[in-house]
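Turn these sequences into a full structure, and let the hints steer you where they fit.
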Amino acid sequence: MIKGPAVDWLAIAPEMTLMVGAFVLLMLAAFIRGRDRGIGVIVGLLVLALSGGFAVYGWNDPSTTTLAGAVQIDQLTESVRVLIAGCGILTLIISVGWTRMREVGAEFAAILLLACAGMDLIAASNSFVTLFVALELFSISLYVLCAFDSKSKASLESGFKYLVLGTIGSIVLVYGAAFLYGATGSFGFDAINVALTKAGSGDALVILGTVLVVAGLAFKIGVMPFHMWVPDVYEGAPTHVTGFMAAATKIAAFVALARVLLEALPAVRDSWQPALVVIAVATILVGGIAALVQTSIKRMLAYSSIAAAGFGLIAIIVGGDVGARALVFYLAAYAPMAIGAFAVVSMQERDTKEHKATYDSIRGWGFDRPIAAAAMTIFLLGFAGFPLTIGFIGKFVVLGSAVQGGFGWLAVVAVVGSVIGIGYYLRVILAMYDRSGKSGAMVPAGPGLGSATLVIVICLLLVLAGGILPGLGLDWATGAARALVAAG
Amino acid sequence: MSPELPFFLALSAILFTIGLTGVLLRRSPLTILLSLEIMLNSVNLTLVAFSRQVGGSDGQVFALIVMGIAAAEVVVGLGLVVAMTRREMVLDTDELRTLNG
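Protein chains in written order, with the numbering used here: chain A, 1 to 488; chain B, 489 to 589.
Honestly, the hints are just simulated from the structure, not real lab data.
For glycine and all other residues, C-beta sits at the position ideal for the given N, C-alpha and C.
Any given hint might turn out to be false.
To be verified - Stretch-level coverage of chain B by chain A, calculated; a stretch enters the list once three of its residues show a Cβ under 8 angstroms from a Cβ in chain A: (1) 511–520; (2) 524–534; (3) 544–557.
What the hints assert, rightly or not - Chain A residues, not near chain B, derived (Cβ > 12 angstroms throughout): (4) 62; (5) 64; (6) 66; (7) 96; (8) 129; (9) 172; (10) 370; (11) 403; (12) 415; (13) 474.
Okay, structure coming up:
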């Protein structure tokens, strides 16, 4: 009989809730075939809320590790759990209005729960084994979610492309983990850190491992030069899934990168920091310039999310207390803007029954749907970093950390990127309020607009509240960052 | 360092390169999935070789986990290929240009 390690069930309750919920939903799906699948969404929302509730319940507990040190639960873990539960709930609400929800609702909710479980677990990972399993759990779920609209060729194609390129990313990551294991004799972040601090960074195996691990995670985040899948996948996936990917995947992948670099590999900072600086500069500039020339709104948002990822990299480069705090706050600030913006795009697609929102198809749309268009304006201004939105505070914190950490010139590059950003965001706003457009006749409210409107309003409130009263969010980010740095 | 280790690492690096070349150059989705498997198994070889070097069984256990996950990955990949065939899409990655990538 093999003796398993002790398990602190309460500490991993949020992930367990999500996984059990997913399997219950899949079982339910087998029995409610052919009837209304609304129940799937309701169960999914309850499970996500319960998982978020467990995270809030354990909020003030001291940091612990369980499962023989494979999993660590600290305030960063709890924060990510709450954020992911929020993203999941908003995504599930938007998808209520999706036309195919009656056929595949329960399965959709189940896979979404599994993706959320993987993302929670990645924030809790304390070894490369956990990290890889969690990464694959959410990646494989996302491949399925991207291809969920199986009647659409674009959706299948995006799912397959994501599968191939995402798997390359995972393989490169685990190849790197294997080299680090060969050099240090362990997969655990703490043990690797101890071994590297003792041995220094001269070992070729360590450098090779570090490079491969960073490249693998860069694939998952979607930064230069591993960004080519982002626009295709974002465009082909069902739009509510795209919103989830833009918000939640970014959070999970960035937290994974932060855990690896700041907890396992701080001793070899000299070998990864310069590489990240180059990647960050290239990401911000290339992402921004490519976004300028797009015609599809979803592709433009995809490139803008690539550019936004560059800001997250800056925070990791700065590192330490300040950088970790900036990273956590920036990711949390980006999520409601991304989900909101893609909710507006899905509303527009449902409105016009077109499957592609372009600058032409939204011309004059602002007069048909004043609330959604006003919300989109605010989300885009938030992306661009205008004051009174949470996006401004997010960028401000990142730039502040860069200056404090002695990377003033990186802050200058980031500002240049932001100025380029204003160019493509304004184009959308101008197109929406173009009177010469086709508009005039009020489109009758189609099905599925109510759920999108609800999400848009929630995101709008979050974006404005975070922009006007950022204090609470900043305090919370400071706490989460302390957990990250203390462990490192 | 044991004398065999460099040979194991060289073989796994060669397998990794073969797999990566296959993914980048072959056009049939099925061959691409096969090439991904070759890459994953080259990583397994690395893990087992290092496990022998370091001692203990961590690396071998991880290799088993990687195999399990690779199976899950391929199931989803093959499922997508079946769905694409049903939609009568041409199974050639050069033809997958709906998303001008």
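Here's how the hints hold up against the structure:
1. Only residues whose beta carbon comes within less than 8 angstroms of a beta carbon in chain A count, and the region 511–520 of chain B has 3; three or more means the coverage holds.
2. For the region 524–534 of chain B, the assignment as covered by chain A holds, since 6 residues bring a beta-carbon within under 8 angstroms of that chain's beta-carbons and 3 suffice.
3. Given as covered by chain A, the region 544–557 of chain B passes the check, having 8 residues with a CB less than 8 angstroms from a CB of that chain where 3 are the minimum.
4. No beta-carbon of chain B comes within 12 angstroms of the beta-carbon of residue 62 of chain A; the shortest separation is about 28 angstroms.
5. Consistency note on residue 64 of chain A: stated as away from chain B, and its beta-carbon is indeed over 12 angstroms from all of that chain's, at 22 angstroms minimum.
6. Non-interface status of residue 66 of chain A relative to chain B is upheld: no Cβ of that chain comes within 12 angstroms, the nearest being about 18 angstroms off.
7. Here residue 96 of chain A stays apart from chain B, with its beta-carbon at least about 24 angstroms from theirs, past the 12 angstroms limit.
8. A beta-carbon of chain B is positioned within 12 angstroms of the beta-carbon of residue 129 of chain A; the least distance is around 5 angstroms.
9. Not every beta carbon of chain B lies more than 12 angstroms from that of residue 172 of chain A, the smallest distance being close to 9 angstroms; the non-interface claim is violated.
10. Distance check for residue 370 of chain A against chain B: the nearest CB is about 32 angstroms away, which clears 12 angstroms, and the non-interface claim stands.
11. No Cβ of chain B comes within 12 angstroms of the Cβ of residue 403 of chain A; the nearest lies about 37 angstroms off, and the non-interface call holds.
12. The claim that residue 415 of chain A lies off the interface holds: its Cβ sits roughly 30 angstroms from the closest Cβ of chain B, which is beyond the 12 angstroms cut-off.
13. Every Cβ of chain B is farther than 12 angstroms from the Cβ of residue 474 of chain A; the closest lies at roughly 38 angstroms, confirming the non-interface assignment.
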